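My request is simple: use the sequences and hints to build the entire structure.
Protein chains: 2
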Amino acid sequence: MDKLKTDRKRNEYKKQIVDYLVSRNLRGFRETFLELHPTDQVELFHEIERSLQKQVLLFLSPAEFADLFEGLELEDQLTVFEGLSYQYAVSMFNTMSADDVADFLAEIDTDRSQDILSSMDLEEAKRVEELMAYAPKTAGAIMTKEFVRLSVESTAKDVIAELRETAPDAETIYYLYVIDQQQRLAGVVSLRDLIISTPEMTVEDIMSTQVVSVNEDEDQEDVARLIKEYDFLAVPVVTPDKRLVGIITVDDVIDVLEEETTEDFDEFSASRGATDLSLTAYTAAKKRAPWLIILMFFGLVTANIIGIFENTLEQVVLLAAFMPLIMGTAGNTGTQSLAVAVRGLATGSFERGGVWKTVKRELGTGVMLGVICMLVLMAIIYTFYDNDFTLAFIVGFSLFAALSVAAVIGATVPIIINKFKIDPAVASGPFITTFNDIISLMIYFSIATSLLDRL
Amino acid sequence: MDKLKTDRKRNEYKKQIVDYLVSRNLRGFRETFLELHPTDQVELFHEIERSLQKQVLLFLSPAEFADLFEGLELEDQLTVFEGLSYQYAVSMFNTMSADDVADFLAEIDTDRSQDILSSMDLEEAKRVEELMAYAPKTAGAIMTKEFVRLSVESTAKDVIAELRETAPDAETIYYLYVIDQQQRLAGVVSLRDLIISTPEMTVEDIMSTQVVSVNEDEDQEDVARLIKEYDFLAVPVVTPDKRLVGIITVDDVIDVLEEETTEDFDEFSASRGATDLSLTAYTAAKKRAPWLIILMFFGLVTANIIGIFENTLEQVVLLAAFMPLIMGTAGNTGTQSLAVAVRGLATGSFERGGVWKTVKRELGTGVMLGVICMLVLMAIIYTFYDNDFTLAFIVGFSLFAALSVAAVIGATVPIIINKFKIDPAVASGPFITTFNDIISLMIYFSIATSLLDRL
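In order, the protein sequence lines correspond to chains A and B.
For the first sequence, the residue numbers in UniProt numbering are 1 to 455.
For the second sequence, the residue numbers in UniProt numbering are 1 to 455.
These are computed hints drawn from the structure, not numbers from a lab.
Careful, some of the hints might be misleading.
Which copy is meant is left open, so a pair is good if it fits within one copy or across any two.
[As the list claims (entries may be wrong)] Computed list of lysine-lysine pairs in DSS-like fashion (alpha-carbon distance at most 25 angstroms, straight line):
#	residue 1	residue 2
1	Lys228	Lys137
2	Lys228	Lys145
3	Lys357	Lys15
In this text, all values refer to a predicted model and were calculated from it rather than measured experimentally.
Written out as structure tokens, the structure is:
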């Protein structure tokens, strides 16, 4: 079925499944619902009413519901969790992936999560607790503990037999990790390697010992970049003494990249955590207001600076007309440079290219843009404002100076911020634009004031 | 080896390999270089001087160099290509993936690409030509033709034997696609399914017939979203009559997502195609200048509008001081709303949530933000500007009106643009900000003019 057909089919399925739920047809429901891909189950569950959601819980075993629960957004998980019986919840957590359980338990209060952990199977609870101990956004925090471990002596035939037993539990069986007696990572066997070897070959013969692994404390973004660059399907996570503790798969990495992009966007627009469409207007306003108000105070600084030049303005009110043009163009140049820098930081291009090269390039770009815009603007003002060369020169030259500075500020501030690990929110688009506003206006009014007697 | 160690090792390797190249040690070079992952080969090749790059070509066979060539950026590919002998180039293209050959040949002039195609192996040339016929950014254009086809009658044992032969050529063997006699997609067998079945089971017994596929004309972004949502490793591409023509793998999809993100950023900052760090200052300026100049003309419109209110300004010059504050705050609100809309469009959230809901929410957010900022600002102006209530009211109320409008414009313009498939560049951040500037100033000066006699 192609995607269109999938969509149509999904609607038919949905109607059918809702009918089964309403008529309490257990068998009909299970036959249809359990055929669906977990992603479709999640979507359908998300769309139906609360009362029908409860019916779904009654019709599914904790193990069957576990797949669906893993796919839900945190908010939905919390709502559903409130309606679960304690025993159902514990059974469900026992069959979920340890990393998904850890993610969820980290979000409810400690007493309750401790209580649940104490009722869970010992082994699973231990895995979950290990994962919960990692700092957020590290390799350890996003890795999964469900993977296949091999020992060097096994033959290809043994491994295949073993996979028939354990495969359904593992997150991926496309890479199989080989450990030595100290639980240290010794090599990797891809399923591809395994399948093209003869049944009698041992793991030692097949495995590659050149395994790229990441440390458990590694930043999730670096892990994502590594997997992306090398086209890996998974990467093993090790402790400093090389013990294999988990793996990170490519689908987790896609989610990390998406998350980091959203963060970049939020920074770019000073709306951290507020670009989520599911927020209410009130919550969004509450999250966005502090940024706006802080930025408004910078606006008051600008107002004061203009106040200083009130005399100049009083003599030539026309100067006010070009303020938005100068501020706007400088702001746009700064934003373009910021985009270059943010993308460079996100894709790791600076590691190779060097920061100085970028700053020099942006200065060069800013100067060239400044010259072009200056010439165009001077010609227009000279023509349309009574051949007033002094006005044309003041506005044009201020624009040139403002653009040259703005390009450098737009590119360097995020790099500096990143280098010193300061909270990058202060380097976001609006802050840089506001900063550029202040500098451009100071340039503009200083030049205008010094040439005032010629106007 | 962990990542740090990889980096250190890479430097040692690099030094070693450069030494081998300089001393023309063929054997040493090949032993070290061919051990590296293709991604590392590419990086090393990119970093060394032109003369050493030529030495690499002499030391590698066309088939060995093909892997490296596939990984290079287009710009580097073009430079290298100019230095290749015709015969070397043809042999190299014969061993490259058809999709990579198609991507490259689309970038050189038609006469030369036709010439090369006519010298290539017939089968490979045909595959390349088929791929080149697709519109850019469609499933057909990004798919690979190197995949494993199975027929329903084969047994698991047969398939494994077959994989031992053909696997090294295929892009992925983790999903194997089953076709009927009309070449139509009939099912899928994952390597996982294959390995956990008994050797005598037939493909028909093992395969899943519920295959999600995409049409060859499907937009690449939709394909990427599908793979991401369902955590697929690959997805098959079919013609309208269901013939299987290729597959798209998860690593291609990560690149597509990255590409789309970069586009979103470029739009956000009106610097389309210019966020690439490898551009020279001159090229970057050339690409960015048109946007800046167009935006500068909008700035002239603003200058004209302010000119209309010259009388008002002449009477109360202080009004000019608050222009940047009102424009800036409205601009920031608009940008925040734009971020919400762009992210919503990128992640497909609107398909479910509905556009109206978002517009209403943004209006609500804008009004609330407007009220908060108005109250804060009125209090400050009243206190610090000689208890001038009229001034406080003009500035505060204008800010409220400007924010409410800006939030709605920021959210709706990109959605409308997207709906009517207009070039989305006109909905980019700077355009919306400029539009908001004009509206805010008109609100501000209209209110100020009407209350002028009270000031």
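Taking the hints in turn, this is what the structure says about them:
In the homo-oligomer, the alpha carbons of Lys228 and Lys137 lie at most 25 angstroms apart both inside one protomer (17 angstroms) and across protomers (20 angstroms), since each shortest distance falls under that limit. Taking the closest pair of Cα atoms, Lys228 and Lys145 come within 25 angstroms of each other both inside a single copy (21 angstroms) and across two copies (21 angstroms). When the C-alpha separation of Lys357 and Lys15 is checked against a cutoff of 25 angstroms, the pair qualifies only between copies, where the shortest distance is 24 angstroms, while the shortest distance within a copy is 59 angstroms.
Of the numbered hints stated above, none is contradicted by the structure.
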